[in-house]
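Peer 1: Read off the chains here:
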Amino acid sequence: MTMTVPLIDTHDLVKNYEIGGETVHAVNHVSLSVERGEFVAIMGASGSGKSTFMNMIGCLDVPTSGTLLLDGIDTKSLDSDQLAEIRNRKIGFVFQQFNLLARTSALDNVAVPLIYSGIGYTDRRQRAQLKLEAMGLGNRLENTPAKLSGGQQQRVAIARALVTDPLMLLADEPTGALDTQTSLDIMGIFQKLNDDGITLVVVTHEPDIAEYAARRIVFRDGKIIEDEPVKSRRRAEHHE
Amino acid sequence: MNSIFASVAGWGVNVAIAFTALRTNLMRSILTTLGVMIGVFSVILAVAVGNGAQVSVTQQIATLGSNMAIVVPQPDSGSGPPRPNDRGRLTERDGQAILRQVSGVRAVAPQIRNSVQLVTPGRSATTQATGATPEYGNISNVNASEGRFLTKSDVGSAARVAVIGQTVSDKLFGGDSPVGQTIRVNRVPFTVVGLLESKGSNLGTDNDDQIVVPITTLRQRLLTTPTQGPDDVTLLFVGFEDEDSLLAGQKEIKRLLRDRYRVQKGKINPFTVRTTTEIAETTSQVTQIFQAVLVAIASISLLVGGIGIMNIMLVSVTERTREIGLRMALGARRSDIRNQFLVEAAVLCIIGGAIGLLLAVLAATIFQKVADFPAPVGIDTALFSIAFSAVIGLLFGGYPAVRASRLSPIEALRSE
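Which chain is which? The protein sequence lines are A and B, in order.
All residue numbers for the first sequence refer to this note's numbering, where the first residue is 488 and numbers rise by one.
All residue numbers for the second sequence refer to this note's numbering, where the first residue is 2 and numbers rise by one.
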């Protein structure tokens with residue numbers, strides 16, 4: 488097994504926005520490599536470009552210039568269908584507001600990505616159930632989001648992100664809508680997933696949340712101003 | 002094989018998503034469906050009524066008889082209004098001349114038509130009397146289902162005999178057999194010698210509401226308005242051997258009658274010769290126009306229904322922009338998003354179409370019973386209407402669906 492190709496590899500990545508005739512350099516020539524199995528926290532104030540950067544490595548947004556290689560694939564040459572396939576197969580997203588479909592059971596929510604992988608109904612439900620059980624939600628399969636707590640909803644969202652067995656999880660402020668204890672639970676889940684080999688990139692503005700990661704990157708004005716290992720890394724209790 | 006299953010499963014998922022979305026906004030969905038429902042309902046009903054008219058007309062033509070020319074003493078003014086100065090005449094001698102001189106003529110049946118009053122003990126009726134000869138039966142397929150039709154000797158002796166229609170028989174004799182009974186026609190006693198074969202009714206005209214008497218008897222005893230000559234007729238039926246001789250014969254009849262009435266060059270004919278073929282063509286053109294107008298009007302309501310679909314789908318796409326962004330983030334391709342909204346629009350339309358179809362069948366059945374007018378809704382119309390409403394859905398759902406699929410994933414995700 489060769490580990491020479493970084494999972495995420497950016498060179499001079501740029502994203503500009505035109506706002507009121509002025510060009511805003513949201514991401515300004517960022518070069519960064521993330522290897523398989525890393526747990527990266529991206530920090531920065533709002534407007535620092537961390538979310539824009541995250542959206543680009545998640546293939547949700549297209550860079551203005553520069554190159555982005557995901558698992559060795561140059562994303563510039565991909566059309567919208569191929570980008571959709573990368574989002575489906577290689578990336579799992581976790582959002583601040585969970586983004587679950589209302590009036591849809593936890594099981595069906597988790598199964599959504601598998602629809603777009605062309606997996607049949609029975610298979611979809613089986614695989615979704617396994618992921619939910621792994622998140623400790625085996626008894627909540629048929630509950631709709633409205634019947635679940637914030638922490639439970641975020642665990643459903645994590646199960647959904649994992650259901651296609653992606654290479655990496657991209658989480659944008661995953662604890663932003665949760666209380667302290669629940670936030671720690673979620674970071675514990677992330678640490679366990681990372682221990683099991685999955686690559687994690689978490690955007691957060693909370694320093695103590697970032698301490699659960701292994702590597703900390705700080706953005707300011709669209710550039711990386713800090714990139715170093717977390718010195719005193721925190722470990723959360725694992726839920727078994 | 003796998004990809005076929007996957008795509009089938011994908012459509013199933015889209016139908017499931019569509020139903021969830023439509024249930025979420027139930028009232029809105031019902032109102033939108035209503036538009037399509039009314040549209041499909043009116044289109045199907047229009048087609049059914051048009052078909053019914055067509056059927057009626059075809060039956061009507063069939064009851065006239067085929068390969069026949071009808072000559073009436075009305076000026077042939079073409080498309081213009083009739084001119085009073087050119088009042089025409091037509092006589093039995095004209096008929097005999099046609100039979101002798103025009104080639105391909107099988108028989109000529111002169112007729113006089115007149116309204117008459119019928120009385121039996123205790124009952125009375127008003128109907129139309131046709132004074133005819135035995136050839137009338139021969140040319141226009143008029144036969145007696147009971148008793149007999151007119152004979153040569155009836156005509157020769159101006160016998161007071163009548164062959165009556167089913168409706169007249171029902172009015173005067175109830176369920177009893179009329180043959181052998183006596184009726185007074187304009188106070189003159191007649192013996193009923195036969196019952197006419199029923200020809201039903203078309204477009205509100207009852208073909209069984211008439212009696213047939215010898216032309217001589219009618220002229221001598223029943224005529225209420227004076228005629229210009231001793232052998233004037235209301236019209237002539239000219240039966241031809243076949244369709245070819247009919248076409249040539251129409252011209253020959255015109256030429257012959259122009260000679261007989263000394264019509265000068267450039268003057269219009271004081272008579273009109275129409276053929277059953279022409280009548281069939283004209284009436285079928287008329288009913289086709291009638292049907293086209295009906296369908297066109299009905300289609301407007303379907304169009305309005307379709308615009309309703311488009312409108313509501315645009316609202317739906319706007320409301321669910323965030324869901325679209327999420328689905329894209331989870332791996333939905335543009336085509337997946339497009340298909341999701343297309344299926345949603347198609348489901349709305351197919352449901353509306355199906356209900357509209359049911360209501361149209363119901364209305365057509367009631368119409369048929371109440372108005373005694375055929376309005377057939379065929380299985381082809383049914384299938385067509387369902388397919389057509391699905392097409393409406395795809396057509397009017399297409400723009401919103403494509404718009405949804407063109408959204409940028411990140412902008413869609415960010416929207417509130």
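Keep in mind the hints are simulated off the structure, nothing from the lab.
Hints may contain errors.
Rough simulated footprint, nothing fancy, chain B against chain A, three-plus residues with beta-carbon under 8 Å [unchecked claim]:
| no. | stretch |
| --- | --- |
| 1 | 525 to 535 |
| 2 | 562 to 571 |
| 3 | 600 to 609 |
| 4 | 703 to 709 |
In this text, a Cβ means the ideal position worked out from N, Cα and C, and glycines have one as well.
Peer 1: Work down the list of hints and note, for each, if the structure agrees.
Peer 2: Hint-by-hint comparison with the structure:
no.	hint	result
1	525 to 535	violated (count 0)
2	562 to 571	holds (count 3)
3	600 to 609	holds (count 8)
4	703 to 709	violated (count 0)
When the structure is compared with the earlier hints, violations turn up for hints 1, 4 and for no others.
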